[in-house]
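Respectively, the protein sequence lines represent chains A and B. The numbering of the first sequence is the working numbering, which starts it at 7 and goes up by one. The numbering of the second sequence is the working numbering, which starts it at 1397 and goes up by one.
Hints are computed from structural coordinates only; laboratory data are not their basis. No residue lacks a Cβ here, since even glycine has one placed at the ideal position from N, Cα and C. A portion of the hints provided could be inaccurate.
FRET-style restraints, in silico, Cβ to Cβ [to be verified]:
{"#": "1", "chain 1": "B", "residue 1": "Glu1784", "chain 2": "A", "residue 2": "Gln171", "range": "46 to 56 Å"}
{"#": "2", "chain 1": "B", "residue 1": "Gly1825", "chain 2": "A", "residue 2": "Arg229", "range": "22 to 32 Å"}
{"#": "3", "chain 1": "A", "residue 1": "Met51", "chain 2": "B", "residue 2": "Glu1797", "range": "33 to 43 Å"}
{"#": "4", "chain 1": "B", "residue 1": "Gly1825", "chain 2": "A", "residue 2": "Gly169", "range": "17 to 27 Å"}
{"#": "5", "chain 1": "A", "residue 1": "Ile164", "chain 2": "B", "residue 2": "Lys1667", "range": "16 to 26 Å"}
{"#": "6", "chain 1": "B", "residue 1": "Lys1534", "chain 2": "A", "residue 2": "Val255", "range": "40 to 50 Å"}
{"#": "7", "chain 1": "A", "residue 1": "Leu80", "chain 2": "B", "residue 2": "Asn1504", "range": "30 to 40 Å"}
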Amino acid sequence: MEKKIALQQSVVHLGTKQETKTSKKMKTNVQAWLLFLPSLIFLLMFTFYPVLQTIYLSFFRADLAIPDPFFVGLENYQQLKEDAVFWKVMKNTFWFVFTTVPISMILALAMALFVNRAIRGTGWLKTAFFYPTVIPMIAVANIWLFIYTPGYGMMSQILDVFGFQDINWLGTANTVLPAMIIMAIWKEAGFFMVFYLAGLQSISKELYESASIDGASSWYTLRKITLPLLMPTTLFVSIIAVINTIKLVDHIAIMTKGGPDNASNLLLYYIYETAFNFWNEGMAATLTVVMLVILLIVAIIQIFFVDKKIHYS
Amino acid sequence: MKKVMKSSIYFLLLMMLVLAGCTSKPQNETASSTTESQTNQSKQEEKKEEPIEITMYYPIAVGGPLTEIIEKMADDFHKENPNITVKPVYTGSYQDTMVKAQTAVKGNNPPDLAVLLSTELFTLKDMDAIIPLDDYIKNDGGDEYINSFYPGFMENAQTEGSTYSIPFQRSTIVLYYNKEAFEEAGLDPNNPPTNWEELKEYSKKLTKTEGNKTTRYGVEIPSSGFPYWLFQAFAIQNGKNLMSSDGKEVYLDTKENVEALQLWLDLAKDKSMPEGVIDWATTPTNFIEGKTAMMYHTTGNLTNVKNNAKFDFGVAFLPAGGKGFGSPTGGGNFYLFKGTEKAKQDAAWKFIKWASQPEIAAKWSIDTGYVAVSPKAYETEAMKAYVEGFPQAAVARDQLEHAYAELSTHNNGQVSKVFNDQLQAVLTGQTTPEEALKKAQEEANKLLAPFKK
Chain A
7 MEKKIALQQS VVHLGTKQET KTSKKMKTNV QAWLLFLPSL IFLLMFTFYP
57 VLQTIYLSFF RADLAIPDPF FVGLENYQQL KEDAVFWKVM KNTFWFVFTT
107 VPISMILALA MALFVNRAIR GTGWLKTAFF YPTVIPMIAV ANIWLFIYTP
157 GYGMMSQILD VFGFQDINWL GTANTVLPAM IIMAIWKEAG FFMVFYLAGL
207 QSISKELYES ASIDGASSWY TLRKITLPLL MPTTLFVSII AVINTIKLVD
257 HIAIMTKGGP DNASNLLLYY IYETAFNFWN EGMAATLTVV MLVILLIVAI
307 IQIFFVDKKI HYS
Chain B
1397 MKKVMKSSIY FLLLMMLVLA GCTSKPQNET ASSTTESQTN QSKQEEKKEE
1447 PIEITMYYPI AVGGPLTEII EKMADDFHKE NPNITVKPVY TGSYQDTMVK
1497 AQTAVKGNNP PDLAVLLSTE LFTLKDMDAI IPLDDYIKND GGDEYINSFY
1547 PGFMENAQTE GSTYSIPFQR STIVLYYNKE AFEEAGLDPN NPPTNWEELK
1597 EYSKKLTKTE GNKTTRYGVE IPSSGFPYWL FQAFAIQNGK NLMSSDGKEV
1647 YLDTKENVEA LQLWLDLAKD KSMPEGVIDW ATTPTNFIEG KTAMMYHTTG
1697 NLTNVKNNAK FDFGVAFLPA GGKGFGSPTG GGNFYLFKGT EKAKQDAAWK
1747 FIKWASQPEI AAKWSIDTGY VAVSPKAYET EAMKAYVEGF PQAAVARDQL
1797 EHAYAELSTH NNGQVSKVFN DQLQAVLTGQ TTPEEALKKA QEEANKLLAP
1847 FKK
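Looking at chain A on its own, in the form it has when it is part of the complex (with noise of 0.2 Å):
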């Protein structure tokens, strides 16, 4: 009897526990949200309403040929699978994007280890890797244009030197895309280069002395220590890096307009030109869709697939 009775009063007393164990929960809870609510707002505003602002558009067929917006289905994504340009423009990203990230990410780290050792005048190099980041891309631009310039610019100067024909960079269409990822190279690398640089000084010094002390060869420790390490740096720089290169368009803007024959012409200029020069909005829609959905892919690649291989610490 006694023995119930007691069994009873664990019963009861393992209630209120768990009772104010969950009230407990909740309160913590309530203030994560409300910590959460003010950044919650805007993105819900600012993000996730135009998002589904957009994916609701892009049923619709929204241009200037009719008054008053209508549904359409999939027709919009249907007929993007015909248009030959839209190809040609996915084509032309996905190469900007993977030769520009893969070069100058390894330039970045190049240099970054060039510059982290010890040397008098490195911190003239790090600012003259790094000052391109700061010009902003609009003024990189027309100074490319010009370096691009047949007749007088650097590059046809340069060639001239070595007796090669002038090559006119952004007028041809197999040179133009080159000319592009050879200008958000330069722009880019430097920035990267810094993170590198971070990642660099927080490994630890020791590891180096006993890598030496054990006789490694410098290429040993710089594969065996150091790329291992700065691992979690690389995944951070290429998830900034394929979307910085993604967000690249002012150059476009102010150097090809997309041309030759939308040669250079990327995701988001045609998306620009769609929305604001032929205020096709429900195609606009569609075409960020699109984009939205690479962006995804892209973040879950990297942060399911390529994080798990990742040791930290």
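Assemble chain B onto chain A, guided by the hints.
The following block gives chain B in isolation, referenced to the frame of chain A:
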């Protein structure tokens, strides 16, 4: 969520109103600092004529201190019409200005007045953003007012019997040529090429090479951004303009146009023009640097070339094709928007009317390099003196006789884009003139089909 957006927009508008109130306050304060009797007087005047403030969006597309010139203009207008204040708002390039005006229209807060490309007519009309000016014209100026402008400039302003805009900052394409290079090549510096044959021949002669390197090209015709505009000149010279006046049809794949495009391509094939696409913005620099002996460019660059070229240069009509001389017009017009107060529309109209007076138009032309919009402006004393000292300025005016509307259709952005793409594909050697023009025509037909219903 829509409510939240709406209320936040209202909030922003409210803030703007508050700010606007703040800026107008100091004026009242200075007024009250004068003696009381005067204040009373001015109050009575205010009662008679409510002070009106109108905003005007304007773009800048050429070099020079345009902002100052426009603000001076607004001041001058205010002095003559004390109850109206025109507030000019610089809104970037033509493209930016269009985007801003459209966004403002969609937000139900349209500008009272805007200077936009004359070719935006159909786009603005399809968006139901602008009002026809027929009533204003009927009551104030009539046909006489409309006829005072060069007809080439009015073409883009009218459709289906209504007038929607008034010419303001207008241009055409002219041929600039380096007289010293002409002499060097054994050509008469006072006889620029007058037809296509001469253009080809002179360009070849003017081209200078060292080894396998060209140190000076004969001619440069820019083809980045909006090659359709330059092509239009060839098309007009060889046949007819590229579109119908209702903006529902384009005529791209004609035999004459194929010839015209072939000529453009031949200049590059002859090596007397750089191959590939030639950049619009760097072409004047090339000319000033002596890297090209001739160039096709807007009259808007006249002042720039005049101030920077270290050699004697001439300006001439574009060489004639099978049909004669010809050039498209370009530049911006005044538009009035739907949904603004009647009083403000009236005030904006007053400003438009004021700005198209011969004296004002002449001053604007001299200060900027744009072509003055009416023949009367060229009869003013100021303009006569200017043209006498700088005869090159008269060439664009004289060419206006052969000038026609710039390409403008319904769905203009997309139609000109497919055309531009095809022109560039030809110039970069990816397709032939016949194929390109046929493809451009097909795509343009598709784009225009919905407007024909």
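Looking only at beta-carbon atoms, does the pair glutamate 1784 of chain B, glutamine 171 of chain A fall within the given range of 46 to 56 Å?
Check passed, 47 Å falls within 46 to 56 Å.
A range of 16 to 26 Å was offered for this pair. Does it hold for the Cβ distance of isoleucine 164 of chain A and lysine 1667 of chain B?
Holds, since isoleucine 164 of chain A and lysine 1667 of chain B (Cβ atoms, about 22 Å apart) stay within the stated range.
Is the hinted range of 17 to 27 Å satisfied by the C-beta distance from glycine 1825 of chain B to glycine 169 of chain A?
24 Å, holds
Is 33 to 43 Å respected by the C-beta to C-beta distance linking methionine 51 of chain A and glutamate 1797 of chain B?
57 Å, violated
Indicate whether the distance between the beta carbons of leucine 80 of chain A and asparagine 1504 of chain B respects the range 30 to 40 Å.
For leucine 80 of chain A and asparagine 1504 of chain B the Cβ distance comes to about 32 Å; the hint holds.
Note whether the CB distance of lysine 1534 of chain B and valine 255 of chain A lies within 40 to 50 Å or breaks it.
Once the Cβ atoms are compared, 46 Å apart, the range 40 to 50 Å for valine 255 of chain A and lysine 1534 of chain B holds.
Satisfaction of the hinted span 22 to 32 Å by the C-beta atoms belonging to glycine 1825 of chain B and arginine 229 of chain A:
47 Å, violated
The structure does not agree with the numbered hints 2, 3 stated previously, though it agrees with the rest.
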